[in-house]
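Sequences and hints are given; from them, build the entire structure.
Protein chains: 2
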Amino acid sequence: MMTVNYLECSREHFIFIRPKTVMGDTITIKDVARELGIHHVTVSRALRNTGAVKEETRVLIKKKALELGYKPNRLARDFRNKRSNVLAVVVPDLRPYFFSKFVSDFMETAKEAGYSVMIFQSGEKPGMEKDIIDSLIGYRVAGVVASVTKDTVQESHFDLLKEEGIPYVFFDRAPEETQASQVLVDNFKGAYDAVTAMIASGKKRIAYISTHYRHQIFRDRLAGYKQALRDHKIEISPDWIIEGGFFMKDGMEHAKQLMQLEHCPDGILAVRDEIAIGVIKYLKTSAYSIPEDIAVIGFDNDPMGIACEPELTTVQQSIPCMVGNSFELLLQQIKQSTILFDKKIIEPKIIYRGTV
Amino acid sequence: MMTVNYLECSREHFIFIRPKTVMGDTITIKDVARELGIHHVTVSRALRNTGAVKEETRVLIKKKALELGYKPNRLARDFRNKRSNVLAVVVPDLRPYFFSKFVSDFMETAKEAGYSVMIFQSGEKPGMEKDIIDSLIGYRVAGVVASVTKDTVQESHFDLLKEEGIPYVFFDRAPEETQASQVLVDNFKGAYDAVTAMIASGKKRIAYISTHYRHQIFRDRLAGYKQALRDHKIEISPDWIIEGGFFMKDGMEHAKQLMQLEHCPDGILAVRDEIAIGVIKYLKTSAYSIPEDIAVIGFDNDPMGIACEPELTTVQQSIPCMVGNSFELLLQQIKQSTILFDKKIIEPKIIYRGTV
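Note that the protein sequences, when read in sequence, are chains A and B. Take the first sequence: its letter number 309 is residue 326 in my numbering, and every next letter is one higher. Take the second sequence: its letter number 47 is residue 64 in my numbering, and every next letter is one higher.
Simulated from the structure, these hints should not be mistaken for lab results. Since we're looking at a predicted model, the values are computed, not measured. Hints are not guaranteed to be accurate.
Pairs count within a copy or across copies, as identical chains cannot be separated in the list.
Restricting the straight-line Cα-Cα distance to at most 25 angstroms, the calculated cross-link-like pairs of lysine-lysine (BS3-like) are [what the hints assert, rightly or not]:
1. K206 <-> K243
2. K298 <-> K266
3. K220 <-> K366
4. K301 <-> K220
5. K128 <-> K142
6. K81 <-> K366
7. K220 <-> K71
8. K167 <-> K128
9. K243 <-> K128
See the structure below:
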């Protein structure tokens, strides 16, 4: 008795069809364990992707479970079916403008379509993120939209959702090894275009300030920065690449460090607007003129960039576009009772103001 | 059989003791309906405070339900008891710095004490807020912290929590007619002190810019503004009191309107930092010097106030203090299985920077 079908099309378009008809529906973890002569705790671990189970055992267990038609968490799924108008959004931190705006706008979009939204903050902690995902089953959610922590590399804790047939979409930050639906920004291009804009305005010594995060999106921005310099035959200096911090004060410190170099930059790209504003504050107190002496570009299009003077030029990641795509991808899966693995890439756009 | 006891001490200290022992526990809405000869739908509406039920009928039904020992939502409560480490936070909007920071900090405080937090945004809509509160029962939450919408006057939709013995605490914005636990800011004093600070620096014509919200907290600020002027024998001019808008652009427009008056102000108090920054932007483009020609003060201590120049003087509502008090009030009730009606008032503080 097969209750699950996989139709693999391509890496980025992989369809999981939720079973429509259930026969018997009484296969438990113990049945699977008995069939294989393996302890039921091991079976449970393998099916939940928790704890240490040898890979070949895990494959064997999953194959047998599929063959027997094992369906986990029936009670939880029944609850979910009773309340299918709730969506969950999971973000690492609600304080940055990007996330609070995404969450708020997503809620409005969902509400117009008759869904309510519950929001969770993982605090950049993978353990917390896992607890949240585990709890979502009990909350009977119809779908999940998530941006993972900076340290989430694997997505095994999202498998529980997949097992329950609950669709999910990653936005902005996805685990590095995932086939799940995702809506990402072309971060490489964002940084590449920003550096190119500074070069076009005559700058030749361009520095890069990142946060301390090692997540893919920051690695992509760094790669875009380097590629733009290479393509314009401009030297890449390790002194001009600085990492660490998240706030205005970090930008101030980093700018000071850069401007004290013997060979100091004439352009600075920062991966967050708040850091870029710190850079501007330091430069102004040190009597540099912006953009004449030095150009500055940030990322995010945070309204804070309009408060400073000159107003900050920034790389915008269109939040309405990310919200729209995330919601559409999720809704499509909910309505079709299908889990799709699709990827949307949002083009970033430079918003020119006064710092280039 | 009485299962609920009320001990009324004073308006601000009203204790509701959750029943510890349950006898029988089989009284249903239909039993209450039969006893009174009223249709069970009416009884359900009256006990849930939903739909139209005549006030005297509602009182009669509630009295009878109490007398019979009716206890609603037993299934939901059982669930809740199984998962008592989840708290809910309900806010009108996650975008303003004040709310996103409160929610994020509350989550961290709760996490340290072993609680996880789910977050809801009512979008300033009382109907949405009601739906959220209704849903919290099913999510087995141990307690709720809420800041209500600008239009929430009554708190009847929170009664469901009370009926379930789920404690709740209002922070920043509470319904006007409530006896529930609350952590509020002394908004009257915040505005009073801000105006006094401007007067102390030599200003004599002080204007006030509010949002379009008619909530108590904005009325209190307006009252504080007026009282400070009265106490210093300074004229209150209706031309200098402007309402409407929430953002920087609104501040810019209002500042323009004020500065075009024949008798224009030399000090402006805005109820949000973002509005105050708009005021500063307009004044600078019109070549006014700040604070020499005109002083500006905002509310919230939004980091955006440090991005602008001069840096904004602001009335701070201590978020760590609000988070700490809200959490403590909630935890006390959860641990004691008691619903307390207690009120904490947080003293605001002026953060002096460059605009006074």
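Taking the hints in turn, this is what the structure says about them:
1. Taking the closest pair of Cα atoms, K206 and K243 come within 25 angstroms of each other only inside a single copy of the chain (11 angstroms); across copies the shortest separation is 54 angstroms, beyond that limit.
2. When the C-alpha separation of K298 and K266 is checked against a cutoff of 25 angstroms, the pair qualifies both within a copy, at 9 angstroms, and between copies, at 23 angstroms.
3. For the identical chains of this complex, K220 and K366 are intra-copy neighbours only, at 20 angstroms inside a copy versus 45 angstroms across copies, given an alpha-carbon limit of 25 angstroms.
4. In this assembly of identical chains, the alpha carbons of K301 and K220 lie at most 25 angstroms apart only when taken from the same copy (18 angstroms versus 29 angstroms across copies).
5. Proximity of K128 and K142 under a CA criterion of 25 angstroms is satisfied inter-copy only: 11 angstroms between copies versus 29 angstroms inside one chain copy.
6. With identical chains, the CA atoms of K81 and K366 are never at most 25 angstroms apart, being 49 angstroms at best within one copy and 64 angstroms at best between copies.
7. Taking the closest pair of Cα atoms, K220 and K71 never come within 25 angstroms of each other, the shortest separation being 55 angstroms inside a single copy and 75 angstroms across copies.
8. In this assembly of identical chains, K167 and K128 lie within 25 angstroms of each other by CA distance solely across copies; the values are 19 angstroms between and 29 angstroms within a copy.
9. In this homomeric assembly, K243 and K128 never come within 25 angstroms of each other (Cα to Cα): the closest approach is 42 angstroms inside a single copy and 40 angstroms across copies.
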